[in-house]
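Asks: Taken in order, these protein sequences are the chains called P and C. For the first sequence, our numbering gives the first residue as 1, with consecutive numbering after it. For the second sequence, our numbering gives the first residue as 489, with consecutive numbering after it.
FYI, nobody ran anything at the bench for these hints, they're computed from the structure. C-beta atoms are modelled at their ideal positions from N, C-alpha and C, and glycine is treated no differently. Errors might be hidden in some of the hints.
To be verified - Quick list of in silico lysine to aspartate or glutamate cross-link-like pairs, EDC-like style, CA-CA up to 20 Å:
{"#": "1", "chain 1": "P", "residue 1": "K285", "chain 2": "P", "residue 2": "D478"}
{"#": "2", "chain 1": "P", "residue 1": "K235", "chain 2": "C", "residue 2": "E612"}
{"#": "3", "chain 1": "C", "residue 1": "K708", "chain 2": "C", "residue 2": "E498"}
{"#": "4", "chain 1": "C", "residue 1": "K704", "chain 2": "C", "residue 2": "E736"}
{"#": "5", "chain 1": "C", "residue 1": "K952", "chain 2": "C", "residue 2": "E885"}
{"#": "6", "chain 1": "C", "residue 1": "K617", "chain 2": "P", "residue 2": "E338"}
{"#": "7", "chain 1": "C", "residue 1": "K708", "chain 2": "C", "residue 2": "E746"}
{"#": "8", "chain 1": "C", "residue 1": "K617", "chain 2": "C", "residue 2": "D677"}
{"#": "9", "chain 1": "P", "residue 1": "K235", "chain 2": "P", "residue 2": "E112"}
{"#": "10", "chain 1": "C", "residue 1": "K567", "chain 2": "P", "residue 2": "E338"}
{"#": "11", "chain 1": "C", "residue 1": "K567", "chain 2": "P", "residue 2": "D370"}
{"#": "12", "chain 1": "C", "residue 1": "K797", "chain 2": "C", "residue 2": "D824"}
To be verified - Across the chosen pairs, the derived CB separations fall in these ranges:
{"#": "13", "chain 1": "P", "residue 1": "D415", "chain 2": "C", "residue 2": "Q739", "range": "42 to 48 Å"}
{"#": "14", "chain 1": "P", "residue 1": "E30", "chain 2": "C", "residue 2": "E560", "range": "58 to 64 Å"}
{"#": "15", "chain 1": "P", "residue 1": "A418", "chain 2": "C", "residue 2": "G622", "range": "49 to 55 Å"}
{"#": "16", "chain 1": "C", "residue 1": "C526", "chain 2": "P", "residue 2": "G476", "range": "48 to 54 Å"}
{"#": "17", "chain 1": "C", "residue 1": "T703", "chain 2": "P", "residue 2": "E393", "range": "57 to 63 Å"}
{"#": "18", "chain 1": "C", "residue 1": "C526", "chain 2": "P", "residue 2": "R355", "range": "30 to 36 Å"}
{"#": "19", "chain 1": "C", "residue 1": "F517", "chain 2": "P", "residue 2": "A342", "range": "29 to 35 Å"}
{"#": "20", "chain 1": "C", "residue 1": "T703", "chain 2": "P", "residue 2": "A371", "range": "25 to 31 Å"}
{"#": "21", "chain 1": "P", "residue 1": "A371", "chain 2": "C", "residue 2": "R541", "range": "35 to 41 Å"}
{"#": "22", "chain 1": "P", "residue 1": "V354", "chain 2": "C", "residue 2": "L737", "range": "38 to 44 Å"}
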Amino acid sequence: MSIPNTIAGAARALRDGSVTAVDLLESVLERAHLTEAQLHAYLNIDRDGARAAAEAADADLAAGNDRGPLHGIPIALKDNMCTRGLETTAASQILAGYLPPYDATVVTRLREAGAVIVGKTNLDEFAMGSSTENSAYGPSFNPWDITRVPGGSSGGSAAAVAAGSAFGALGSDTGGSIRQPASLTGTVGVKPTYGTVSRYGLIAFASSLDQIGPITRTVEDAALLLQAIWGHDPKDATSYPGPYPDPAASLGAGVDGLRIGVVTELAGEGYEPAVESAVADMVAKLQEEGATVVEVSLPSFEIALSAYYLIAPAEASSNLARFDGVRYGLRVDGETTEEMMARTRGQGFGPEVVRRVLLGTYALSAGYYDAFYGQAQRVRAAIRADVARVFGEVDVLVSPTSPTVAFSAGARVDDPLAMYLSDICTIPSNLSGDPAMSVPIGLDEQGLPIGFQVMAPSLGEETMFRVAAEVERLAGFDARPEIPVVAG
Amino acid sequence: MSWEAVIGIETHVELSTRSKMFCGCVVDFGAAPNTNVCPVCLGLPGALPVPNRKAIEGIIAIGLALNCEITERSVFHRKNYFYADLPKNYQISQYDVPVCHDGHLDVEVDGQTRRVGIERAHMEEDTGKSTHVGDGGRIDAASATLLDFNRSGVPLVEVVSRPDIRSAAEARVYAQELRAIVAELGVSDARLEEGSIRFDANVSIRPEGSEELGTKVEIKNMNSFRSLERAIEFEIARQIAAVEAGEELVQETRHWDEEAGETLSMRTKEGSSDYRYFADPDLVPLVVPADWVEEIRSTLPELPEQRRKRYAGLGLDPKSAEILSASSPVIRGLFDDALDAGAPAPAAFNWLTGEVTAWMRRTESEPSNLTGVRVAALIELVDTGVVSATAAKEVLEGVLAGEGEPRAVAEARDLVQVSDRGELAGAVEEVLAANSDAVERYRGGEEKVIGFLVGQVMRQTGGKADPKLVNELIRESLAGNG
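Bound-form chain C, shown alone (with noise of 0.2 Å):
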């Protein structure tokens, strides 16, 4: 029988505002433990949450790029549930009303353009974090757990697809595209080894052709894109191996084990938690009007997808598009105002996703002394055969060093080549009467000895000369002689 995989992604994107969702502790993770914190953080008894519009307007922002549909008045939900690091034991969370809901992202897989439902987005706040110590760290064997909360109370963001997704490969470029949204919208670090994004799966398999689902495995502790398509792959098949050998498989979480590469229960009773979700009746309903909404979508940047097809549109090709779209903001910049100064769009590219990208590399520095102008400049000090491809590598490396326009530096660094017929024509007779032999085989058909007649040339003029024009007119000097 023929397998289809069903994949649905939740994701985890903690906002980056300066303060934390419900009270005016600072978001800072690299502080000593328990700095950042406060009665409302920390559960003591009286304190109350007051919701931070910063932490609402990165929802909505991510929402909006999410094409998702934006309710006027969402409600707080309480999702009640002991653990140690959840200071209230309950999370202030979004149950039946979220503020983002009924969007979709597409992806391209393979050339194909696949839409991916967002079912909804919703915000809640982070919990504390455990460490458990001694023996190996394992919460069954620790002698102690230690709690941190100056993550407590961070606000997240869980972005909920629809189960569209039907393999891992789709499931990594779904992925890799929300990151790359909520990277460009500035609202989060978006930081997989940081765990500012994160990604769970929901995996699941029918025979081709079922409409129905199966049993749903979620599929946990993925830290980056490879892993998480290398699990939903393990997973998928794991699965397809189980009910083939006509085992019944179990509604459950597993854990993705990077080193063993596969995942391995939990062994967590599912569908025995009841969260006892309710109205926060300390929140009244979160109201966000039309005109909130608008103000937040005129100030959207160009989301990755968009600037894609616009850099098609401006004669790119499908991968240099996407790489380019991937590129930092720098490069980007310059890229939209060099072709604003004129350049063709494929060299412009070319420079840019090439030796400028290489240049910072190696410099670890900012392009702070190139502009768009002066990209168009050297693209067409090329063009025009002032400077030879070679030399105008060392030009931009004078550009870059701050040595001013492109033209100039060619000049000051004498790497203007000799273009004027009349004094090449000089050369070109010298080296014609010199290499008589060579001149005589060209005659008799040898038509690559021209190439080492060029080569004289060139020597002859110190490398300055248009190689091309040099040809040119060594062909024409033969045939004239003739």
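With the rest of the complex left out, here is chain P (with noise of 0.2 Å):
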């Protein structure tokens, strides 16, 4: 018996009976008992309640009850998104051993579709970072060199699919922590136009900025996971209501007659030589398969990594109040309320995430407000009409997603702005709300895969994935890691 493994080959092994849901489970649990000790992808696997799923996806499947693409295809969950009785702790310390009484509805919306959940993976604290450096639980690494750090903040959903302990899985992003991962892992990442995906469920790091999407090892796989788990939510008031794009309806129709605009602020000082070739090289491939390439320039772009640093920590501030240790989670005693509290997250809660508070509170606060807070606000509105303008002009803008391959882990943890710097060209969508996706184009030199950014309009998904398919395409990338195996 071979295991595909990709979600689309999978679901049709499973049709033609060459596997079933279990044989995809053993596979993904096979996998994950060979590299965790490596890696750390995962913070808990939840083999008997993924067990359970995958014979029922097989039952279901014989009675004759397909529930689509994704039934008995085992996924894994970025640990910040809620699972009713299975803990969920955002990688802190302030929730551990939280059981949540409600399943996210992208969990939800997953079990409906027939989806085998296989546990939740690692990830910065609160996703506040970009190496999965900041977990309290310890940090992940990079599957082609375990060295290196996967990225972030979804980094353990990344390499948990980069190694092949899942089929694909779900991360977040809100400044560019699905994209960047994916591409410091050779994976498929997408942050979806914000309002698709209902964030009911998400433990919330910045509000209008939080985006939930798929991690795979194809275009068409993202393609198929997006499709299960967008689509309006009542639950969640910024929720899009529709019509919705179709992701998959012109996968393989080429970039012929489509224009292209190449983003010139996101290029030059730190972005490493590598990176800047392979996406050049892509972008004339892109050009010989009949798109018109233009240079397209936003100069608000030079000024989105200021704002995020502003808008998300404000939001962040607001957003992680509610870890007082009143109701759940940690709780570290005290004389009043008020120390009970102070202590509580004084000792939950780590120093990134105490910074990006600081920083919020700082922001928000009176007679700053309009400084910060409030000049960031306008510079957002700025990057809003700057993408407008020019995507009127062209249908996707291309980028790297990362300026650099997988850093090595410890490099940027005690350099704060370098870290930041990780998400320099991923931070415009998340401001403007459009989508935008990394594919991976190869390797460097070192044998680091490097990652290929699309941006489209709101809701340009069915062009985002068209690019992205083609570049797939032109790339050939199959390039899987050699993960050195230690049997647990």
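Make one complex out of these two single chains by using the hints.
Replies: Below, the structure is given as structure tokens:
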């Protein structure tokens, strides 16, 4: 029995009877067994729950109740999505042992689609970070080089998919937290249009920026996973009512006749030469395939990072206020309620979370609001206007996903600004609310993956996936990481 | 020096919607603690708010009743502060763009109409409830705090008046009028004792004639209109005494102590709280299209002020108009129906707010057998002398008891007055013949003897004669035989 390594392939194999959902799950669990000691992609593997779900999926399919492309497929969830009765921590000490009483909407949708939830993956605490080193439960590592980071904050999800310990995974992307780790692990990562995937049950980092999306091995798989989770949700007031595009409609349609904009501002200083040349080669290939390529300038992108590091921490400072020891999670006792709250938060939050909560509290304070938060909102409006103008001229924008390939573990932990620069290419799409995705296009000379970013206007997923599929085809990227295996 | 008080009132109105402001939990204050809760109103990780349409209709109705402008796109903000009974440690409220703004409420004090500006009315959510146990329930000595989140997320409307109020009495009338409006709209239980409507007052003083505002003190914890008035009176006097003694007033929050009859400093550092307001990114702007506003406007009931004016126009004096306006809907309905059936307003008012209301209180039941037509008929019976005023009360009892139309009740109970001249003439002659000495005294100029004679005729007829007519007949008879 050979186990396919894509969702689409597994879906076909399940239906032609060559594998069962239990086989798929066992292959994933075996892979996790062999790699978790090196990668630490998962915080919690739900073996019993997953086996029960896989058996049910097989029985369902045998009974003729086919729930669609995700039926029986093992999927991993970033541990900031609530799962009923299954520990959900957001990689924070403050939520150690927390068992949510409800499923996030994306989890409900995955269950309804017949997916098998393997477990919860590691992340930077409350999704704050770009390396998955800010996890209270220890860092994750990159399957391509276990001395390097997998990116973040959805590093666990990306590492699990790259390593084969899940067929696909969900991540969340506030400033690049799906796309950057996808880039660093040679996987496909999608941040959909803001409002298309419900945030109900996603532990909030920055509500106006957070968006859940898929991490998979192929562009087609990403489309399948996205279609399963998105759609209007009355429980999320910011949810987009519809109509929704079809991301799979134009896969394979090529790029002939499309206008592709190369963003001037997302190149130059700080970008590794191997990354820049790989991206330039891909742009040239797209042009050969019939796309019109133009250089476009979006001056506001230069200040996007600064605006982001005011808006995201400001929202986070308020979103994280609820972790106070009163109702759930960690409680550190004190003489008074205030002291209990302060001690709980002091002990429960890691240093990066504390840094951002302080930054955000300051940015919102009376007397500073207008100079910081207010100014950042005006920059955000300028970015939206800039992007809207450019999307009048081109169909998609392209750039590197990350200025660098995976960096060494520990290299940036003491330099927050260097860490923040990891997201310089991805942040603008969060601020504008537009969709963007990363597709692997090759390896550098050290054998580390390079990601190519495709950005589209809001609800432009069909064109975005169309271009991404062509990038994938042209890159012909099918390398798999070789992880030094230590049997547990 | 002569001082002027400057008073503004902040009112919190708990809306009586079926479900909470941002989740589907039932609003029910009698329920066991923490039974009407869900991930949203408990502030669990990942939960998101979705606004309640009924609550928005409630605030629009309040805004319209207070003559406010309704904002087409208002914004929900987060008010950030840490408190154990505030589950998210921020309250979803409104800040610079509330649903309602720039209205007014006219109040009548000592026959004068005063217009109090309404700065704004905004939508927010209520907090949970803390109960401190051990050591007398004081927070600083309590051994534990119990939290009940049933109230968490209940829709609240905050109405902020402009500092246009000049006396404690005006403040009381403003509060009473606002409560009456909210009750009339049916959007809240509007019960002070239960806290479903709460009033806080901002009080300052300034020299008469000054346009500047003095140091403002907020007073809280007034659980009745009387305590609101007393607290403000006390506070004005306290501030004047302090300033005249050369003390400097501090901006602070003071607590009204009902028993001691004074306001006490809560010793909180004012001005130190920075709520870090910002637009709630979990919610989109609240859009209220003009046609929705008009739809709500068209369903507004008659408000107390409009009603008082209408009653006054029907011929009631101001005091009666006010009493009737504050009466139960049943009484007011019967009043309107009685007038439609031709009854004069003062008589209808007297019967309904007098005898009928007394009967309702006494029997603790609704006057289901009474109609406006029957009220009018009863008044007609009295006015035409068919029954006496005293007998009419008995007729009313019968009608209320379900014995039928007033006329039928009067006949069945044998209460119809004898008002046939011929029938009475015999009785009059008999009485005059039997009381010749009284007749003599009358003729000698002792006018009041006629009362005795009338009484004798009434006795003769078993009390059924129309005394007015008897009086008339006696006078005619004595004059004619003179």
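Asks: Next, verify each hint and record whether it holds.
Replies: Quick rundown of the hints versus the structure:
| no. | hint | verdict |
| --- | --- | --- |
| 1 | P:K285 to P:D478 | holds (18 Å) |
| 2 | P:K235 to C:E612 | holds (19 Å) |
| 3 | C:K708 to C:E498 | holds (10 Å) |
| 4 | C:K704 to C:E736 | holds (12 Å) |
| 5 | C:K952 to C:E885 | holds (18 Å) |
| 6 | C:K617 to P:E338 | holds (17 Å) |
| 7 | C:K708 to C:E746 | holds (11 Å) |
| 8 | C:K617 to C:D677 | holds (19 Å) |
| 9 | P:K235 to P:E112 | holds (17 Å) |
| 10 | C:K567 to P:E338 | holds (18 Å) |
| 11 | C:K567 to P:D370 | holds (17 Å) |
| 12 | C:K797 to C:D824 | holds (14 Å) |
| 13 | P:D415 to C:Q739: 42 to 48 Å | holds (46 Å) |
| 14 | P:E30 to C:E560: 58 to 64 Å | holds (60 Å) |
| 15 | P:A418 to C:G622: 49 to 55 Å | holds (53 Å) |
| 16 | C:C526 to P:G476: 48 to 54 Å | holds (50 Å) |
| 17 | C:T703 to P:E393: 57 to 63 Å | holds (60 Å) |
| 18 | C:C526 to P:R355: 30 to 36 Å | holds (33 Å) |
| 19 | C:F517 to P:A342: 29 to 35 Å | holds (32 Å) |
| 20 | C:T703 to P:A371: 25 to 31 Å | holds (30 Å) |
| 21 | P:A371 to C:R541: 35 to 41 Å | holds (38 Å) |
| 22 | P:V354 to C:L737: 38 to 44 Å | holds (40 Å) |
Violated hints for the displayed structure: none, as all numbered hints are satisfied.
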